[in-house]
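Colleague: Protein chains in written order, with the numbering used here: chain A, 12 to 413; chain B, 145 to 555.
Check before you lean on any hint, since a few could be wrong.
[Claimed, not checked] DSS-like mimics (lysine-lysine), calculated; alpha carbons at most 30 angstroms apart, straight line:
{"id": "1", "chain 1": "B", "residue 1": "K532", "chain 2": "A", "residue 2": "K265"}
{"id": "2", "chain 1": "B", "residue 1": "K532", "chain 2": "A", "residue 2": "K63"}
{"id": "3", "chain 1": "A", "residue 1": "K97", "chain 2": "B", "residue 2": "K206"}
{"id": "4", "chain 1": "B", "residue 1": "K552", "chain 2": "A", "residue 2": "K283"}
{"id": "5", "chain 1": "A", "residue 1": "K319", "chain 2": "B", "residue 2": "K435"}
[Stated by the list, open to error] In silico contact screen, one side only, chain A against chain B (beta carbon under 10 angstroms); selected entries:
{"id": "6", "residue": "I130"}
{"id": "7", "residue": "I243"}
{"id": "8", "residue": "L252"}
{"id": "9", "residue": "E312"}
{"id": "10", "residue": "L313"}
[To be verified] Residues from chain B that face chain A, not an exhaustive set, calculated with beta carbons under 7 angstroms:
{"id": "11", "residue": "F286"}
{"id": "12", "residue": "A322"}
{"id": "13", "residue": "M430"}
{"id": "14", "residue": "Q431"}
{"id": "15", "residue": "G528"}
{"id": "16", "residue": "P546"}
No lab work stands behind these hints, which were simulated from the structure alone.
Remember, predicted model here, so these are calculated numbers, not experimental data.
Glycine included, each C-beta is placed from N, C-alpha and C at the ideal position.
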Amino acid sequence: MAREKIHVGLEIGTTKVCAVVAECNRDGEMRILGVGESPSRGVRKGEIVDFKNATQCVHDALADAEDRSDYEIKGVWLAISGSHIKSFNNRSAVTLPEESTITAKEIESVEFKAKEAGIPKEDVIIHSVIQRYYVDGQEGVIDPHGMMGTKLEADFHIIHGVTNRIQNAIRCVREFDIDVEDIVVNSVASAQVVLDEQQKQAGAVLIDIGGGVTDYIVYKEGAVCHSGVIAIGGDHITNDLCIGLRIPIARAEKLKIEEGSAITENISASEKITLKNDTGFSGRDIDRLMLNMIIQARLEELFGILRKRIQEVVPEHLLGAGILLTGGCSLLRGIREAAESVFPGTPVYLAHAQAVSGPMSAFENPQLSTCIGAAKYAQAVHAEMPYESLLNRLKGFFSGRM
Amino acid sequence: MITYPRWLDRGTHKEPVLRLLSIGNAGVNIADRIAVRASLPLETVALNSDQQSLNASVASRKIALGPMTTHGLGAGGDPEMGLEAARESMSELRQSVEGADVIFLCAGLGGGTGSAVTPQVAELARANGSLVIAVVTMPFQFEGRRRSQQAQEAMQGISRHADAIVHFENDRMAEITAPRTEAEETFAACDNILFQSVASLTRLISCPGPMAVAVPDLLGILRSGGGGFLFGSGEADGGNRAHEALEQALRSPLLDRGRLLHEASKVLVHLSGPRSLTFAEVGAIMQEISKNTSHTSLLHLGVSVARDESAPLIVTLIGHCGAAARIEPTASALKIEPVRATPPALFPEETIQSTPNPPAPAEPKTTPPKVKQEDLPLEPIARGRFEKVEPTIVEGEDLDVPTFLRRKLKK
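Make a model of the complete structure from these sequences and hints.
Modeller: The structure is reproduced here in structure tokens:
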């Protein structure tokens, strides 16, 4: 099975829908063949609000990706976001009979038990990520397979979301007879490509600030210990500018990208930016200080909320690899400085997908982290799967005979 | 509208006496709720073998069961002991049922006192000629098989004597609250549903109106099958009260968000409201309900009107789903007939003119303490393009409103 496999990652974002076609080797190398994009309509805060329009955008992005990669897309790995996605940590335990070794069956049942934890009725578990096992109270067991013990415990990080809202995103893709192979939460996907093993071990926070939502995931000692979504993104900055400076949304968006910054130091109070005349908009001078202050206030608040949530699960000094910012909004000038001022003493970096090859413009773009991550996640899942499924198939074969 | 008070006893010009006998710890809990929260025309009597719980209770009458048998320490989950206690206090029990026209029995089955005493009281009350309605809960599954067996046995005992049984399964009731809520809150919510059901049954029987629910209708529904009991109650006032009250009632977990109504063969709808309740509102509610029920189901409508202008509109839905056989249908059916001969006095004509008791407000639904958009003092402009989307609320702040506005940043 040393053949390359092609995976497609799809993200239905608030600003754009993008699809990444990537070729993956069994040894984990990944090469991007093509990226398809389409500006997004009908998506607010990472969730679909206008099904018809969103479906059209998904179609455009997938068609674009097919053109560019010269590959016919049959199935995608869909990245999911939205404020309905929540997470918690749960420990479960199974007791084994005396003098027995832990087998795949026990490991499976300990995961199953962890998933039984109460989530609201309308929710579904998207991921259950293993954090660590304990065998008879012995901590830090990475793989209990084959160990002796009477009690197997495990900590799981469980991510769940509202079934119907997830279904909506999936249906958007299925409209064109394209299969959704699996779904992955944005933050989990981004972490696949932005963070490497060392960073996860040292402790790191990945913050993916997109157009409508901010996804974050916290790693401690190599395991996910917290993740979540805050429904604030670049759109909020644009909206703030629109209200604060009294300019139309489209102008506000342009102004944010061209001139916006989160640094308010060394700006004289009289510095102005001239907005040109446009149809339906008479030109105006805008205070640069005001512009930057509005952006800074929003970002500092966002980081403040994140800091509070992160501190609850892991003290800052344990974040050896610091904070990594990615997503479209991380392109905003001064965002690193804004984060540094909220997380004093913790290094902050701007990050994008690592360890992938292909067109530089693709993987160095932080806007595509999630999408590339979804393809990488697919590869990671597949890397484990053939082995397992072969085993299962054999098992089924034998038990069928007997 | 002409009403035909089938149960009217013209000879005695007195109000019907409704009495709630709450038995055991669970029962006393409910009685306390009723005594504290609602001004229902209902006498409450607490019966328990546990002296401590009785002492803490605020019920107007308290009866300690079997002080010699249990020494006031409770039956300890043992029905045998509960039975002993009941035998010891037989005369008190007999007194407690005397003079009541309608008796509600409220108990949590599965324990010692509730399981053993409730059937006994039901029998006594029946012999006394009262209409007996039992409102009971079945234990949680995790309480073990022994308890649910005790509960089943008690249930059979009760069904032999009671005119109707309203039973709730604790397992189902626990689904009311989100899985992550505190245990105390969940128990309180369960108690609350029980309380609501007793309160609305009382209203149903005692409140006069242009379209009173006849007691046989009510009994017919309560008796109609052994399947799940459906219950939902909601109250609201203001301009959109009809819609809101019904929404609340349908949201009841015992209706599975209105879905179970489709399976009900008989549904009783009771509306109680102020004088200003319009016919159009009644019509709107009934139309909405008929959308939620299957077209073969039989709808009973009752409307009662309170004198009080500020009374909220209360919608109560009662029904039965599933056609599972009742535990002992023949026994109760046979026993009912002789008692019918001397029906208890309900709705004497005079009291219709001067009922002092407005329908008591049912407990408002416990909603999660989530800040809604309406709660925040917003200027219309402040949310901009996020006007029509679900607000992002973190720690009670609406984050869609620009940060600089909320922090009052000014140059």
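Colleague: Indicate, hint by hint, whether the structure satisfies it.
Modeller: Going down the list of hints, with the structure as the test:
A threshold of 30 angstroms between alpha carbons decides the hint, and for K532 of chain B with K265 of chain A the separation of about 23 angstroms falls inside it, so the pair holds. Distance restraint check for K532 of chain B and K63 of chain A: the Cα-Cα separation of roughly 18 angstroms lies within the 30 angstroms cut-off, and the hinted pair is therefore satisfied. With a CA separation close to 48 angstroms, the supplied pair K97 of chain A and K206 of chain B exceeds the 30 angstroms bound. A hinted pair counts as satisfied when its Cα atoms are at most 30 angstroms apart, and K552 of chain B with K283 of chain A qualifies at roughly 22 angstroms.
The hinted pair formed by K319 of chain A and K435 of chain B fails the criterion: a straight-line CA distance of about 47 angstroms is larger than 30 angstroms. Interface hint at I130 of chain A: satisfied, since its Cβ lies 6 angstroms from the closest Cβ of chain B, which is below the 10 angstroms cut-off. Taking 10 angstroms as the C-beta cut-off, the interface hint given for I243 of chain A holds, the closest approach to chain B being about 6 angstroms. For L252 of chain A, the interface hint holds, since its Cβ comes within 10 angstroms of a Cβ in chain B; the closest pair sits about 8 angstroms apart.
At its closest, the beta carbon of E312 of chain A sits 5 angstroms from a beta carbon of chain B; the interface hint therefore holds under the 10 angstroms criterion. Because the beta carbon of L313 of chain A sits about 8 angstroms from the nearest beta carbon in chain B, less than 10 angstroms, this interface hint is met. Checking F286 of chain B against chain A: minimum C-beta separation of about 13 angstroms lies over 7 angstroms; hint violated. Residue-level restraint check for A322 of chain B holds (minimum Cβ-Cβ distance to chain A is 5 angstroms; threshold 7 angstroms).
For the restraint placing M430 of chain B at the interface with chain A, the shortest Cβ-Cβ distance is roughly 29 angstroms, beyond the 7 angstroms limit, so the hint is violated. Because the beta carbon of Q431 of chain B sits about 27 angstroms from the nearest beta carbon in chain A, more than 7 angstroms, this interface hint is broken. With its C-beta approaching chain A no nearer than about 4 angstroms, G528 of chain B sits inside the 7 angstroms limit, and its interface hint holds. Hint status for P546 of chain B: holds, given a least beta-carbon distance of 4 angstroms to chain A, under 7 angstroms.
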